[in-house]
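S.K.: Sequence:
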Amino acid sequence: MSPSAVDLINLAWVAICSALVFFMQSGFALVEGGLSRAKNSINVIMKVYLGTCLVGIIFWATGWGLAFGPSFNGLFGVGDFALVQSKPAQGIAMIYQMMFATTAVSIVSGAVAERMRYGAYLAFAALMSLVIYPVYAHWVWNDAGWLKKMGFVDFAGDGVVHSIGAWCALAGLLVLGPRLGRYSKSGEAHDIPGHNLPMVALGGFILWLGWFGFNGGSVSGLDSANLGTVLINTYLGACAGGVGALAFQRFTGRPVLMSASINGSLCGLVSITAGAGTLNPVTAMVTGIVAGVLCVWGAERIRALRIDDAVDAIAVHGIGGTWGLIAAGLFFEGDLFSAQRVGVQLVGALASLAWALPVAWLMFKGLDKVMGLRTSTLNEQRGLDYTEHNELGYPEFQNSPAQLKMGE
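Here the sequence shown stands for residues 146 to 553, numbered as in the numbering used here.
What the hints contain is simulated information worked out from the structure, not anything from laboratory work.
Glycine included, C-beta positions come from ideal geometry on N, C-alpha and C.
A hint or two may mislead.
Unchecked claim - Derived Cβ-Cβ restraints for the label pairs, each shown as a range:
1. Tyr194 <-> Gly488: 38 to 48 angstroms
2. Gly326 <-> Tyr539: 26 to 36 angstroms
3. Lys510 <-> Tyr328: 47 to 57 angstroms
4. Gln526 <-> Lys330: 12 to 22 angstroms
5. Leu325 <-> Ser483: 46 to 56 angstroms
6. Gln235 <-> Tyr328: 41 to 51 angstroms
7. Val515 <-> Leu220: 45 to 55 angstroms
Generate the whole structure from the sequences, applying the supplied hints.
M.R.: Written as structure tokens, this is what we have:
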């Protein structure tokens, strides 16, 4: 039977949302590149760009089937690999989910910036999109997945995308260690400021724009009764996250930093992602405000543990994602503060940590043994743009290649 006009419009909506989520990769590139030093800006952007290319191929070949194929005991899919022919609905669903997988991997690239070898990063991106991401996605979003059957709520990926990305990033940081000069011998953290904060702000706005597709596309149609609520919740969550970060910095006597404020807003977006379809605007704002506070506080706590996250990705996506999963249970419209529902949400949040962190740690350790994970001290001092790519992001302001080659 031919699809109706409504079906075609709904498919067009998800296709447009796929493009919006894809555009988020430019936001990641700008935020992560801007928060890195000038000598590493090309390297960071290349990770996002080529990571996107690599994940797309792998997700088409195996990721879609592992996540959404026929289920093996609710654990992983066993069919629909490397589809050559697909119906329009299936093809659009695949491209939409491909964008989600790409987003999860891009979270890792910023956290490990300025010290990880480019080839090793791409190898991990391939492994993450091959195994870690699609298996957890199967648990949560496949109708036969074991978490899905428990009633776990993860509307657009607080667990699947953000938590999985953050815990993989944490594993990489534990293996890599901090950047040179990040900590003194006594353990005091030294600031390593990014080179272009206006670039970070532009990236933040682009990510915010893309989030309307991130959450809006998960409704799967313009005829959905709650599309408006989803979009309003998304916007208010971001606004509240920024306000929460601002208020926390101001009322605790901290400097009001643009980078922390933008991250707070992004954390608000992350926190609303799990419950965008089941919260109301008031609880969405509460969720966002708490996320903004947790983001600023959490980033400081992570630094105090000598974990050198170059862009505070763990605070934004890990802490924000975990809180978002809990909030989706606490504030579920029509079933507020249900202990049973919150319990299921905690199980799903812990499952993401228990799955992603150890598996990613083993992958990073294996890559370190096989090909080496961290660049040399000299290359880190010179910058990865020149040593990894033989290019400079800002040649008029940086040393010439000849000077770099001589170590001057």
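S.K.: Indicate, hint by hint, whether the structure satisfies it.
M.R.: Evaluated hints:
1. Roughly 41 angstroms separates the CB atoms of Tyr194 and Gly488, a value that falls within the hinted 38 to 48 angstroms.
2. Between Gly326 and Tyr539, the C-beta spacing of about 21 angstroms breaks the proposed range 26 to 36 angstroms.
3. The hinted window of 47 to 57 angstroms between Lys510 and Tyr328 is violated, with their beta carbons roughly 22 angstroms apart.
4. Between Gln526 and Lys330 the Cβ separation comes to about 19 angstroms, which falls inside the hinted range of 12 to 22 angstroms.
5. Checking the proposed 46 to 56 angstroms range against Leu325 and Ser483 shows it holds: the Cβ atoms sit about 49 angstroms from each other.
6. Separation of Gln235 from Tyr328 is about 49 angstroms and conforms to the stated range, judged on CB atoms against 41 to 51 angstroms.
7. Distance hint check: the CB atoms of Val515 and Leu220 are about 27 angstroms apart, inconsistent with the given range 45 to 55 angstroms.
The structure fails to meet hints 2, 3, 7 from the earlier list, while all remaining hints are met.
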